[in-house]
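Going line by line, the protein sequences match chains E and D. Counting from 1, position 398 in the first sequence corresponds to residue 397 in numbering that gives the first Met the number 0; the numbering is continuous, with no gaps. Counting from 1, position 309 in the second sequence corresponds to residue 308 in numbering that gives the first Met the number 0; the numbering is continuous, with no gaps.
If a hint is listed, it holds; no wrong ones were tucked in.
A few chain E residues that face chain D, going by a derived Cβ cut-off under 10 angstroms, partial list only:
#1 K20
#2 P21
#3 P23
#4 I55
#5 E86
#6 L96
#7 S97
#8 N98
#9 R153
#10 R158
#11 A166
#12 L308
#13 K368
#14 F369
#15 R376
#16 F378
Keep in mind that the hints were calculated from the coordinates and are not lab data. Think of the CB as a built atom: it goes at the ideal place given N, C-alpha and C, for glycine as much as any other residue.
Residue strings, one per chain:
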Amino acid sequence: MEELNRMNELSGMEELNRTKKPQPKGRISFTLPEIEKFTLDNGLEVLFVKKERLPIIQLSLIIDAGSRFDPNEKKGLSILVSSLLDEGAGGLGSLELSNAIESLGSVLSVSSDPDAMFISLLSLSETFDKSLDLYSKVITKPHLAEEDMQREKRKQINRIIQAKDDAGYIASVLFEKLVYTVHSPYGLPEMGLTETVEKISSNDIRLFYETLITPQNSTLIVVGSIDKEILRHKLNIALLGWHTHMKPIISVHNPPREKTRLYFVQKEGAAQSEIRIGHLTEGRNKPDFFARALMNSILGGQFSSRINLNLREDKGYTYGAHSGFNYNKVNGYFYVSAPVKTENTKESIVEILKELKGIQVYISEKELKFAKSSQVRKFPALFETYGQIGRSLANMIIYCLPDDYFNTFLDNIKKVTLEEAYEAAHNYIIPDELVIMVVGDREAVKPQLEALNLGSITELDRDGNVIGTV
Amino acid sequence: MDDILKINYEKYSLDNGLEVILYPDKSLPILAANIWYRVGSANETKGKTGFAHLFEHMMFQGSKHVPKQMHFKYIQEAGGNLNGTTSTDRTNYYQSLPSNYLEMVLWLESDRMGFLIPALGQDKLDNQIDVVKNERRQRYDNAPYGMAWEIIFSNLYPENHPYHWPTIGYMQDISNITLSDVKDFFHTYYVPNNASLVIGGDINIPKTKELVQRYFGPIPRGNSVKEVFAPEVSLEKNVSLIHEDNVQLPRIYFAWHTTNAYTDQDAALDILSYILSSSKNSRLYKTLIFEEEIAQDISAFQHSAKYGGSFVIVATARPGISLDQIKEEVFRQLDLLIENGISPEEMEKAKNNIKASFIFSMQNLNSLVNHLNEYNFFLKDPDSFHFDLERYQKVDAEAIRKAAEEFLRKPYVELRILPKSITQE
Numbered sequence: 000m001e002e003l004n005r006m007n008e009l010s011g012m013e014e015l016n017r018t019k020k021p022q023p024k025g026r027i028s029f030t031l032p033e034i035e036k037f038t039l040d041n042g043l044e045v046l047f048v049k050k051e052r053l054p055i056i057q058l059s060l061i062i063d064a065g066s067r068f069d070p071n072e073k074k075g076l077s078i079l080v081s082s083l084l085d086e087g088a089g090g091l092g093s094l095e096l097s098n099a100i101e102s103l104g105s106v107l108s109v110s111s112d113p114d115a116m117f118i119s120l121l122s123l124s125e126t127f128d129k130s131l132d133l134y135s136k137v138i139t140k141p142h143l144a145e146e147d148m149q150r151e152k153r154k155q156i157n158r159i160i161q162a163k164d165d166a167g168y169i170a171s172v173l174f175e176k177l178v179y180t181v182h183s184p185y186g187l188p189e190m191g192l193t194e195t196v197e198k199i200s201s202n203d204i205r206l207f208y209e210t211l212i213t214p215q216n217s218t219l220i221v222v223g224s225i226d227k228e229i230l231r232h233k234l235n236i237a238l239l240g241w242h243t244h245m246k247p248i249i250s251v252h253n254p255p256r257e258k259t260r261l262y263f264v265q266k267e268g269a270a271q272s273e274i275r276i277g278h279l280t281e282g283r284n285k286p287d288f289f290a291r292a293l294m295n296s297i298l299g300g301q302f303s304s305r306i307n308l309n310l311r312e313d314k315g316y317t318y319g320a321h322s323g324f325n326y327n328k329v330n331g332y333f334y335v336s337a338p339v340k341t342e343n344t345k346e347s348i349v350e351i352l353k354e355l356k357g358i359q360v361y362i363s364e365k366e367l368k369f370a371k372s373s374q375v376r377k378f379p380a381l382f383e384t385y386g387q388i389g390r391s392l393a394n395m396i397i398y399c400l401p402d403d404y405f406n407t408f409l410d411n412i413k414k415v416t417l418e419e420a421y422e423a424a425h426n427y428i429i430p431d432e433l434v435i436m437v438v439g440d441r442e443a444v445k446p447q448l449e450a451l452n453l454g455s456i457t458e459l460d461r462d463g464n465v466i467g468t469v
Numbered sequence: 000m001d002d003i004l005k006i007n008y009e010k011y012s013l014d015n016g017l018e019v020i021l022y023p024d025k026s027l028p029i030l031a032a033n034i035w036y037r038v039g040s041a042n043e044t045k046g047k048t049g050f051a052h053l054f055e056h057m058m059f060q061g062s063k064h065v066p067k068q069m070h071f072k073y074i075q076e077a078g079g080n081l082n083g084t085t086s087t088d089r090t091n092y093y094q095s096l097p098s099n100y101l102e103m104v105l106w107l108e109s110d111r112m113g114f115l116i117p118a119l120g121q122d123k124l125d126n127q128i129d130v131v132k133n134e135r136r137q138r139y140d141n142a143p144y145g146m147a148w149e150i151i152f153s154n155l156y157p158e159n160h161p162y163h164w165p166t167i168g169y170m171q172d173i174s175n176i177t178l179s180d181v182k183d184f185f186h187t188y189y190v191p192n193n194a195s196l197v198i199g200g201d202i203n204i205p206k207t208k209e210l211v212q213r214y215f216g217p218i219p220r221g222n223s224v225k226e227v228f229a230p231e232v233s234l235e236k237n238v239s240l241i242h243e244d245n246v247q248l249p250r251i252y253f254a255w256h257t258t259n260a261y262t263d264q265d266a267a268l269d270i271l272s273y274i275l276s277s278s279k280n281s282r283l284y285k286t287l288i289f290e291e292e293i294a295q296d297i298s299a300f301q302h303s304a305k306y307g308g309s310f311v312i313v314a315t316a317r318p319g320i321s322l323d324q325i326k327e328e329v330f331r332q333l334d335l336l337i338e339n340g341i342s343p344e345e346m347e348k349a350k351n352n353i354k355a356s357f358i359f360s361m362q363n364l365n366s367l368v369n370h371l372n373e374y375n376f377f378l379k380d381p382d383s384f385h386f387d388l389e390r391y392q393k394v395d396a397e398a399i400r401k402a403a404e405e406f407l408r409k410p411y412v413e414l415r416i417l418p419k420s421i422t423q424e
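So that you can see chain E by itself, here it is in the shape it has in the complex (with noise of 0.2 angstroms):
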């Protein structure tokens, strides 16, 4: 019997045809999750996926409140509220809330982006009660008291002074200033300068809280094993008496883009170049985002995309290089990041500019295939875990993306042809107005920079002044 089966086996081993790629078998179904809706007695949007694979319960408060809204002279002024709010609330001190929240083994987290606020809570289905209880006290009821306010601020402070390290953090910072200009409200860091956080004061920050925290300002993302009505009893008993205020309006300056301008940062010694190349583009609300997806995931986005290839695998310059979009509520930009070996910097250069004509003269109805494929495969793995699915739901917040982005996602991405991506390519990268930037040792780059021919080099210091031109 057993030496029959060993027949069997190795019958069925000659059998195998390893040159061939196996194909997928059958076809997998997958279900979205559904998203229900539903509003608070205070006005509160709230967006609610119920999963109960464990006994988890996420929520995540999406507040329209980024950096965006700093003045530009008190830049920083966001960051340093969300770091606040946790700092006491609700009658209990800075280390009293984190020591009731840790006893509850919950996580809960306050953090800022230029766009967004994001007040996160993480729980376990039987600490849910207590850790509500907590999370609703940051909310409505944060002390921001003047001595936690100062202590926030020095770290700010130090953590700005920290980030002079980082070449990486130099270069995609200084790139975003000279793209966006200080005459926009992304224009500078979103954690301020030095000089910027210092004159922040107590009443910048209680301002910041009652004119932007507000029902009405944010929606509530629920993730987790909980019955709908059961929770939307306890949110509205937890964020009783939380109300709106007006709300400031931003005017978003659009500066127009250059001729190629060419910026390089003294880094001494640095074993790498960090280079950034880009420009200002249109937001993600528009109907051509999935033929800009896909035309960027071809160039840049993924792994096995041309730039990456080119740099890493072909010619060994880097550990890694891809090219994105990077979009905020109003408009956007395009990218291209990689950390270079010193000697390579001119060729990274010249390499990475081949790359942005070549996907405006040549793109093969196979790339798109893959590109496509990738995208429809991978959608099922958007809604794993909780996280996960709070993200997707962000996004559609923050972006303002229709109700059924989700449910026709696919077929918009199956739709696009290759003329599209084409159109894409052609008015969402400009090779002829764009901003680099190289972060590295003078020495050895300059010369390299220089005989790119691109014109003249202006130097910055870490802070972005101008200290000269060659």
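Given chain E's structure and the hints, the job is docking chain D onto it.
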């Protein structure tokens, strides 16, 4: 709680020694495949470092039936994600993708296990040596404080210990790797009897078994792998080191020898690190950052592996604060803890958090499947979530105090990273 941590799995071995662990979970139409090879930088020798990690890169360069770059492309085209990691003890390769691609994954993984060498040429090796050297520049040489771990571990462990060198290897050693070195390394370690494969997610058990046999069964068993020799280590006296770096704020590191992974004392030291630095109320955070404001950040952790463990404390000084001041406060806090022990509240908080993080960690299939492989590697039993949690729950306050006394009163390596004295604009 008990039900959640109980993993329904099946483990068996193929005739060639490959261990297979199957874990069905039908909640989404995806699957995760994760293979561990029992080889890491500990299997390397002096002057020949960086092999295991460079090898991880070579495994994505195609094999006899899979053209260069296509391994990545096939998985991404299927909507999946993939990668590999190398540690001192093991190398893993993992991917997750829609569950109807099971056969393709087995084909890709088995092809590089069985047929990597015929597709390996000097050009691929040269390219990946360049890529890895760039990875090293990015993570070590050009990163703020990036050289710290290399300096600490090469001083904590003597030259004849397998943890003496960094996993990524030394620049010169990486440059010197030859094609025949790589081939020898492959034949020694990348054999079915030195690996375990976990497949989890939306799978059919009998069908999966049949396919695993079909693709991996014919790969011949290799020689058995020689056990790593790791001498007993201890420091005779404190080692003080200074390194200058392109940074703004000075930072101080302390590292003590402790105990290996998954022992009871390992759990006690994990909890100790939690009590020292995990929240605003933790001892070092509260005094150094919150009350005295002398440090910008602080962390403490038990870093444990197969052949050794270490306990590390790291703090960055605020501008104008001396590292001596930080050192004094850190040791004052350690003394207090060793003299007076820890409170029941601290213990309860730590245990509640560890329990909750166990549940939170089970959300993601890739990480769950990796955990099964890790448990299998260290404990021989993939379903060890219970054992692992229990190891923490049974630690009492006195065990933590004793662990601190036993390990943290011994000699240690102290590293200070100071801003370069050159002027910067």
